[in-house]
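Kindly produce the complete structure, drawing on both the sequences and the hints.
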Amino acid sequence: MALLDEHGQAHYFVPAPSHWPVLGAVALFCLGLGAAFAVNGMLLGWWVLALGGLILLRMLFGWFGDVIGESVGGRYHGQEALSFRWGMGWFIFSEVMLFGAFFAALFWVRQVALPTLGSLDYKLLYPDFSASWPLQTAPAAGPAYQAMEAWGLPALNTLILLSSAVSLTWAHWGLLLGRRAQLKLGLLITIVLGLGFLCLQAIEYHHAWTAQQLTLSAGGYGMTFYMLTGLHGLHVLLGSAILLVVWLRVLRGHFDQQHHFAFEAAAWYWHFVDVVWLLLFVFVYCL
Amino acid sequence: MAIAGLAAVPQQSHRPHGWRRWLFATNHKDIGSLYLWFAFCMFLVGGVLALCIRAELFRPGLQFFQPELFNQLTTLHGLIMVFGAIMPAFTGLANWMLPLMIGAPDMAFARMNNWSFWLLPPAMALLLLSFVVPGGAAAAGWTLYAPLSVQLGMGMDLTIFAIHILGVSSIMGAINIVVTIINLRAPGMGMMKMPMFAWASLITAYLIIAVMPVLAGAVTMVLTDRHFGTHFFNAAGGGDPILYQHVFWFFGHPEVYIMALPAFGIVSQVIPTFARKPLFGYTSMVYATSSIGVLSFMVWAHHMFVTGMPATAQLFFMYATMLIAVPTGVKVFNWIATMWEGSMSFETPMLFAIGFILLFTIGGLSGVTLSVAAVDVQLHGSYYVVAHFHYVLVAGALFSLFSAVYYWFPKMTGRMYVERLGQLHFWWSLLWFNVTFFPMHFLGLAGMPRRIPDYALQFTQFNQIASVGAFMFGLGQLIFLVNILYSLRHGKTAAQQPWEGGNTLEWRLPTPAPYHSFSEAPQLDVAENGVVVAMQGGKHG
Chain A
1 MALLDEHGQA HYFVPAPSHW PVLGAVALFC LGLGAAFAVN GMLLGWWVLA
51 LGGLILLRML FGWFGDVIGE SVGGRYHGQE ALSFRWGMGW FIFSEVMLFG
101 AFFAALFWVR QVALPTLGSL DYKLLYPDFS ASWPLQTAPA AGPAYQAMEA
151 WGLPALNTLI LLSSAVSLTW AHWGLLLGRR AQLKLGLLIT IVLGLGFLCL
201 QAIEYHHAWT AQQLTLSAGG YGMTFYMLTG LHGLHVLLGS AILLVVWLRV
251 LRGHFDQQHH FAFEAAAWYW HFVDVVWLLL FVFVYCL
Chain B
1 MAIAGLAAVP QQSHRPHGWR RWLFATNHKD IGSLYLWFAF CMFLVGGVLA
51 LCIRAELFRP GLQFFQPELF NQLTTLHGLI MVFGAIMPAF TGLANWMLPL
101 MIGAPDMAFA RMNNWSFWLL PPAMALLLLS FVVPGGAAAA GWTLYAPLSV
151 QLGMGMDLTI FAIHILGVSS IMGAINIVVT IINLRAPGMG MMKMPMFAWA
201 SLITAYLIIA VMPVLAGAVT MVLTDRHFGT HFFNAAGGGD PILYQHVFWF
251 FGHPEVYIMA LPAFGIVSQV IPTFARKPLF GYTSMVYATS SIGVLSFMVW
301 AHHMFVTGMP ATAQLFFMYA TMLIAVPTGV KVFNWIATMW EGSMSFETPM
351 LFAIGFILLF TIGGLSGVTL SVAAVDVQLH GSYYVVAHFH YVLVAGALFS
401 LFSAVYYWFP KMTGRMYVER LGQLHFWWSL LWFNVTFFPM HFLGLAGMPR
451 RIPDYALQFT QFNQIASVGA FMFGLGQLIF LVNILYSLRH GKTAAQQPWE
501 GGNTLEWRLP TPAPYHSFSE APQLDVAENG VVVAMQGGKH G
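Protein chains in written order, with UniProt numbering: chain A, 1 to 287; chain B, 1 to 541.
Fair warning: there could be bad hints in the mix.
Claimed, not checked - Pair ranges (Cβ atoms, derived):
| hint | chain 1 | residue 1 | chain 2 | residue 2 | range |
| --- | --- | --- | --- | --- | --- |
| 1 | B | L69 | A | L156 | 39 to 47 Å |
| 2 | B | T493 | A | L251 | 24 to 32 Å |
| 3 | A | S132 | B | G61 | 31 to 39 Å |
| 4 | B | S290 | A | G62 | 33 to 41 Å |
| 5 | B | G61 | A | L60 | 52 to 60 Å |
| 6 | B | F471 | A | D128 | 17 to 25 Å |
| 7 | A | L251 | B | P278 | 52 to 60 Å |
| 8 | B | G329 | A | L278 | 17 to 25 Å |
| 9 | A | A202 | B | L69 | 41 to 49 Å |
| 10 | A | W268 | B | S290 | 51 to 59 Å |
| 11 | A | L251 | B | H540 | 41 to 49 Å |
| 12 | A | S132 | B | G153 | 45 to 53 Å |
If you're looking for bench data, these hints aren't it; they were derived computationally from the structure.
All figures in this text were calculated on a predicted structure; none of them were measured in a lab.
No residue lacks a Cβ here, since even glycine has one placed at the ideal position from N, Cα and C.
Have a look at this one:
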């Protein structure tokens, strides 16, 4: 139902013309063009890519700056807030589907491709290949590698992310109860835990790549491992950046018990990233 | 440039002028016009590529293009028509009409709306640019199947990044549509009363949000296979080329409905107007649309019957596909029942809507034929498939778009299009469309493969008929362009309610629609399909 209140429908906020979207389009054009050149080994591509990144950052700062200004300036009321929440919800749904594509790849590789490649039909092509998971080599025998161990760093990382969900919820309570110190501390702890997660993941990657010979080309196991955890890692990075912005806004005195959509959106995103990690831990590391 | 008729619009508050108006737009009508014009330009570009294909296929042997270039033409024709023409055109119409039809002041996220649009030109630029890079454009067909897509030159990389950008654009556009419909309806415009066009746009947007990320995932895996050493689609590295097809078609089949459902919505507005009767079976229309939205996720592997999947899977996907004929049949039945004993008149929008019903049904029936796994084994990859999807995409999606543009042109611009030219455009398109695509059924049944620049001698005559038809059909679209350009300046002034039977909310607005409409929401009493019974208040400007 269309939610209405005395501030709602009558004054729904329609922003004035803005140059940020076009700048964002220029940025993505540079990123796309630069990336296409860069992956084909053209030096120019990296420069175009960097330019696109800079423009995108400028756009994000400007655009979010405008939005934050409008929010603080009291331009948003109940109906706008509801729009934002629906928007964030659908955005997260699209992210779920993105991860779905890569999880589908993992399940397909394990449940369909692997038994097929190990079957009698393929003995002629890959006589030495044995269909076990995690794979020890690719079918067309690359160097042997070691699979990841779940109960070392990954388990610690699981603990870290779960703790960060707790600290974030604790911060949320602080916000709702008007305890600003608790809010600030909880957010800070969450950000530190997020960055800690990323550091540990970097260490894990480094060890896997060098000591375990587990690379992107290391067969069905290596590629699904890096693509899924890598995509997740990018989301942790983005989530941490969002939380950092929210934290800086809290330090400036933004948000109160009623108006704190940005905090909620960041929290939803963080919990989403958390849940994805639990699935990863089960399906990539444990099983 | 005269974009959707602005001469007659009264001056409104804070409206930018000149190029800033279009580049920095936050007005849903401006952004809608941008979408529509952009889509039409891309329709012409994609159309020229199609004519290149038909020119080459006029005679057996190689005339104009080497096979490599021919493959690039078919690939880019498909990608441009799907992502550059049809999807943006529907998004443009949704932008223009949804706020007017549900009583919203604008789209929910007006700035993001502009970003959604302005991402399209860069993405299409990347696609077209790929023609001139070493190795040429992507040549793997619009489906970009591995392993071809893994092996091609850097045109493929440009295509991959273009698709990423298009994905960002359409996901944002879709979120905007969903949130606008959920949250910005005027009081009284209940979900089970809003126009079918709004329902169709809602389900379509939901499909876009669900499957565009999956396509992004698929092409990302192609990218990492190409440049970062993964082997998702290479058995020697532990992957599987069939995996690509599954991921792609999990996107690709709902994508078919992304291009069909808005058409259903448009026809469900046009038919009642010109039959001067309420839409028959509104509630069943809503449920039929929703169930198509659900079923579309469960049928993707019918595109893959010849990949050697188990018989159980073939049977499942075959029956699930046939099931879609049920809600689709409900719709066709309802449209015909709406016309039954109606007081019909046959202005151009109605002609295109009726043409849509007729030809889309033919395309739907050839779809049921293809859904039979045993038959599909024969017809897969043949011109029968080409005939089938052009019946649903050209006579389906495109005809509905023409219907919509003629239908809402007076409300958008304040002027009437030239009816005689509109009628000519319809009959011309109807005739030459069938001349082009009907023979392709026979070609496919006789075994002519698609995406091949040369063919055996016995296919010559039907190919020549199809090629003549294609050029004539293409020529006919200039009638449309001339009609629009002429009517923007010289068309007769339109009444507030140019169609006697038009009784949804947009016809309650002045003509042309004011720059800012419903800045204060009206109080509505609405019957099914958005028919306004009574309206109070509602400020503009």
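For each hint, the structure was consulted:
{"no.": "1", "hint": "L69(B) <-> L156(A): 39 to 47 Å", "result": "55 Å, violated"}
{"no.": "2", "hint": "T493(B) <-> L251(A): 24 to 32 Å", "result": "59 Å, violated"}
{"no.": "3", "hint": "S132(A) <-> G61(B): 31 to 39 Å", "result": "53 Å, violated"}
{"no.": "4", "hint": "S290(B) <-> G62(A): 33 to 41 Å", "result": "40 Å, holds"}
{"no.": "5", "hint": "G61(B) <-> L60(A): 52 to 60 Å", "result": "55 Å, holds"}
{"no.": "6", "hint": "F471(B) <-> D128(A): 17 to 25 Å", "result": "58 Å, violated"}
{"no.": "7", "hint": "L251(A) <-> P278(B): 52 to 60 Å", "result": "58 Å, holds"}
{"no.": "8", "hint": "G329(B) <-> L278(A): 17 to 25 Å", "result": "44 Å, violated"}
{"no.": "9", "hint": "A202(A) <-> L69(B): 41 to 49 Å", "result": "46 Å, holds"}
{"no.": "10", "hint": "W268(A) <-> S290(B): 51 to 59 Å", "result": "26 Å, violated"}
{"no.": "11", "hint": "L251(A) <-> H540(B): 41 to 49 Å", "result": "43 Å, holds"}
{"no.": "12", "hint": "S132(A) <-> G153(B): 45 to 53 Å", "result": "37 Å, violated"}
Hints 1, 2, 3, 6, 8, 10, 12, counting from the list given before, are not met by this structure.
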